[in-house]
Amino acid sequence: MGGSSKSSLLGVIAGAVLVVAAADVALQQLAPIPARIIEVDDGVRAYEESDPDVFVLGSSHTRSFGPVRDALAKEGVVMTLVPVEWGTFHSYEWVLDHRIKPLLEERDAGGALGRSRLSRAILVTTFFDMCSFGQGGDSSNLPARAWTGSDFLADVVRNGLTDFNRNYLQTRYARALSFSVLVQNHGHDFILDRLSDRMRSPETVRRLREAGIEGARSAMEAEYATCNDAREQAALERMVDYLGGRQVEVTVVLFPLMPSIVSDTSRATTLRRYADWIADLARRKPIRVVDITEGTPLVDDDFQRDRDHVSPEGNKKFAAWSLEHDLAYLREARPTPSRAALPR
Amino acid sequence: MSFSGVEFLLFFPFVFVAYWLLPRRASWQNAFVLLASWIFYASWSPRMLPVLWVATAVDYLAALYIARHRESPRKMRLGLAVSLVYNLGQLCFFKYEGFFAGELDALLGSVGLGAPLPVLKILLPLGISFFTFQKLSYVIDVYYERLEPCRSPLTFATFIAFFPQLIAGPIVRGGELLPQLSEPRAPSLDTMRSGAGVFLLGYFKKVYVAEILGQLVVDPIFARGGDFSAGGHWLALIGYAVQVYCDFSGYSEMAIGTGRLLGIELPKNFDYPFLSKSLMEFWRRWHITLNTWLFEYIYGPLTTGESWFRGRLDAAFMVVFLASGLWHGARWTFVVWGAVHGVGLVVSRRWDEYYRGLCRKDRSWVARRKSRAYQAVAWALTQTFFVLSLIPFRAASLHDAAAFARGLFVPNGGSLLPASTARMRPANFGMCVLFMVVYHLLELPSGKRLWERFSAMPPLLRGAVYGLVIVYLHLFVPVSSGSFIYAQF
Numbered sequence: 001m002g003g004s005s006k007s008s009l010l011g012v013i014a015g016a017v018l019v020v021a022a023a024d025v026a027l028q029q030l031a032p033i034p035a036r037i038i039e040v041d042d043g044v045r046a047y048e049e050s051d052p053d054v055f056v057l058g059s060s061h062t063r064s065f066g067p068v069r070d071a072l073a074k075e076g077v078v079m080t081l082v083p084v085e086w087g088t089f090h091s092y093e094w095v096l097d098h099r100i101k102p103l104l105e106e107r108d109a110g111g112a113l114g115r116s117r118l119s120r121a122i123l124v125t126t127f128f129d130m131c132s133f134g135q136g137g138d139s140s141n142l143p144a145r146a147w148t149g150s151d152f153l154a155d156v157v158r159n160g161l162t163d164f165n166r167n168y169l170q171t172r173y174a175r176a177l178s179f180s181v182l183v184q185n186h187g188h189d190f191i192l193d194r195l196s197d198r199m200r201s202p203e204t205v206r207r208l209r210e211a212g213i214e215g216a217r218s219a220m221e222a223e224y225a226t227c228n229d230a231r232e233q234a235a236l237e238r239m240v241d242y243l244g245g246r247q248v249e250v251t252v253v254l255f256p257l258m259p260s261i262v263s264d265t266s267r268a269t270t271l272r273r274y275a276d277w278i279a280d281l282a283r284r285k286p287i288r289v290v291d292i293t294e295g296t297p298l299v300d301d302d303f304q305r306d307r308d309h310v311s312p313e314g315n316k317k318f319a320a321w322s323l324e325h326d327l328a329y330l331r332e333a334r335p336t337p338s339r340a341a342l343p344r
Numbered sequence: 001m002s003f004s005g006v007e008f009l010l011f012f013p014f015v016f017v018a019y020w021l022l023p024r025r026a027s028w029q030n031a032f033v034l035l036a037s038w039i040f041y042a043s044w045s046p047r048m049l050p051v052l053w054v055a056t057a058v059d060y061l062a063a064l065y066i067a068r069h070r071e072s073p074r075k076m077r078l079g080l081a082v083s084l085v086y087n088l089g090q091l092c093f094f095k096y097e098g099f100f101a102g103e104l105d106a107l108l109g110s111v112g113l114g115a116p117l118p119v120l121k122i123l124l125p126l127g128i129s130f131f132t133f134q135k136l137s138y139v140i141d142v143y144y145e146r147l148e149p150c151r152s153p154l155t156f157a158t159f160i161a162f163f164p165q166l167i168a169g170p171i172v173r174g175g176e177l178l179p180q181l182s183e184p185r186a187p188s189l190d191t192m193r194s195g196a197g198v199f200l201l202g203y204f205k206k207v208y209v210a211e212i213l214g215q216l217v218v219d220p221i222f223a224r225g226g227d228f229s230a231g232g233h234w235l236a237l238i239g240y241a242v243q244v245y246c247d248f249s250g251y252s253e254m255a256i257g258t259g260r261l262l263g264i265e266l267p268k269n270f271d272y273p274f275l276s277k278s279l280m281e282f283w284r285r286w287h288i289t290l291n292t293w294l295f296e297y298i299y300g301p302l303t304t305g306e307s308w309f310r311g312r313l314d315a316a317f318m319v320v321f322l323a324s325g326l327w328h329g330a331r332w333t334f335v336v337w338g339a340v341h342g343v344g345l346v347v348s349r350r351w352d353e354y355y356r357g358l359c360r361k362d363r364s365w366v367a368r369r370k371s372r373a374y375q376a377v378a379w380a381l382t383q384t385f386f387v388l389s390l391i392p393f394r395a396a397s398l399h400d401a402a403a404f405a406r407g408l409f410v411p412n413g414g415s416l417l418p419a420s421t422a423r424m425r426p427a428n429f430g431m432c433v434l435f436m437v438v439y440h441l442l443e444l445p446s447g448k449r450l451w452e453r454f455s456a457m458p459p460l461l462r463g464a465v466y467g468l469v470i471v472y473l474h475l476f477v478p479v480s481s482g483s484f485i486y487a488q489f
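Chain order of the listed sequences is D and L.
If you read the first sequence in our numbering, its first letter stands for residue 1, the second for the next number, and so on.
If you read the second sequence in our numbering, its first letter stands for residue 1, the second for the next number, and so on.
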């Protein structure tokens, strides 16, 4: 290898690396890397380490329970959150079966349960969890958010690399390069959104926001036809049965929605149907239902720009309110059930 | 595993480093590449790996059998026949069973003999059309003594399974690859630099141009043609021509680049086909390795030697392009596409003969042919013909093809383009067009000079330009850019 071509190649590589690094740093000033969010792995790890009294499982809204967890911790109640981003009931069931159950059922050499304190489970839901999206394992959230390396390898051995299991690698790749806004931005476009915002007048931004709210409102009305999937419903029922069988008190929370996106039409259709089904489930199974879809003190400004997730400040507001109202029962200790008779 | 997927980013650096750390012996290098190739193939479908193994063994043994019985034409023919029957039988079984059974069933049904034939649900082994043609050419070359049979099973298996070109070509001939695999490879900085450059060019074509055009224009308009105007149909069709080109030539360039990074030179598969001014020229520039194969192993035997049949050149064109259509897939749309090109080449050849007659009578016709006006018309006709021929190629059925063709000419009051989402900014469409124009201009003499000036710039500055491209790609490349159109063939 010639010395000059080697230095030329190194020069090209150095030039490229410098520009990419400089662009990344500059773009971070414009669009900071989003704060790292709690994922299934974090929740499972916390569960493993803490042996919780209360375990919260559900969609990304589960993260809103962070301030609730912190407030309860001061009162000696240990709560663990396991949020499944972009999940529906079948995803939560998969996480329960494959990630939580082994911890719940783990026994020591003498046959005693390793973790025995769990007395309550909260399933955080919205109407969305009953929708047909992602049924049959055809959703990317499980490989991306919930799989372990061995789940990935087992699937590759069975099916080869597919668009489905490739999500595992893509998420790991993004996590490995979590310092780069360019990598984190891929597929989310928040850099371009920030850039666009800077170039738009306040009036345009307001108009776009209203259009977004209108879009979300009509989407929720239009979801009616699809949000009644029997397979998703069955997944929730199986979770309730399993937890009930382990003498864990189950609460299904119907999580708050941004007030502006709820219309009379969706109240009478999508939301009604979901609430009715949950109420029917409560008649058939021993569950507690907390329907706070509406009626909390959360206002539009307490939600993030995606019109779905509550902001960090909103979460604190939600915690303060809910622990005084519908979730106040969490402050009352529930005796740890005797699990001596549980099947092995 | 796809060249443009994140998994290749994990797989190839490992293969690259380990490969060059091995002792510089062909057997070590081949064994490692073979193992990597089988892992690469298994990553698509582990169950299909035995198909590749058996196919490799059959042709390895068939070629040795032929070479061992040079004194006996009958035994040589037997060896060749075994290979042909096995390879074509395998291709028919996996690729055409459903098609032929379905068609035969329909035919029997139409004459009242409707006993349904079994249509098996068979998983198509990836790249079967590519590696089958590669193996066929090897055995035929050995039969005609154009090639010595490969004695080493390791070298031969590496030749068949070489992962850069296993899934979607280029289709490599034994004479091109076996000698390279028989010698130890040594790293060369220039080769690696050029390999990396070719790979990145292909990557850009695939993950940016092909994906943007597919998602922004082609897929939505082909899916809901009725919603779009005639202009929209034309945009989708031209967009599809560019998409297929960038997708497939991008794959070929990534394969060539990957091969070069491992010290192996693979043949060129595309040579600026959109600059062609005749159909014959077009097919010398588009999917070069397949067309060379078809002309050498089908057209050649059909047209050499004495014959009473005066139209055999035309018939051979038809046979070649019908075979090309069927090679692409077991659908009537591909057959029609092949037939259209067969007819196009016959007309083109007849026109050439006629024009040559004019030239012989009057030399001024020679100058006319070289005029800019003639060249422009020839270019426009060639490209329009190719673009229009893609209607059946893209359509799922002849009915869909007819509906799309109608949409090109019948105004329906629909919109020109699909409403773009935030992620697919229309500016990207403009960038794709700009890329294609610049890419082709760089092939012209003035463009080549410009490229030379760029190459003479300080390395740091050139690197900065590449860095900007990387930043741009990170901002604008669509997320789903893993699959290749030609991998399905």
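No lab work stands behind these hints, which were simulated from the structure alone.
Mixed in with the good hints there might be a few duds.
[What the hints assert, rightly or not] Covered by chain D, according to a simulated footprint, are these stretches of chain L (three or more residues, beta-carbon under 8 Å):
#, region
1, 26 to 32
2, 272 to 282
3, 467 to 474
[Unchecked claim] Listed below are several chain D residues computed to face chain L (Cβ distance under 7 Å; list not exhaustive):
#, residue
4, Ser8
5, Gly11
6, Gly15
7, Ala23
8, Val25
9, Gln29
10, Asn167
11, Tyr173
12, Ala176
13, Leu177
Ideal placement from N, C-alpha and C gives every residue a C-beta, glycine not left out.
### Message
So, against the hints stated earlier in the document, which numbers end up violated here?
### Response
Of the numbered hints, 1, 2, 8, 9, 10, 12, 13 do not hold.
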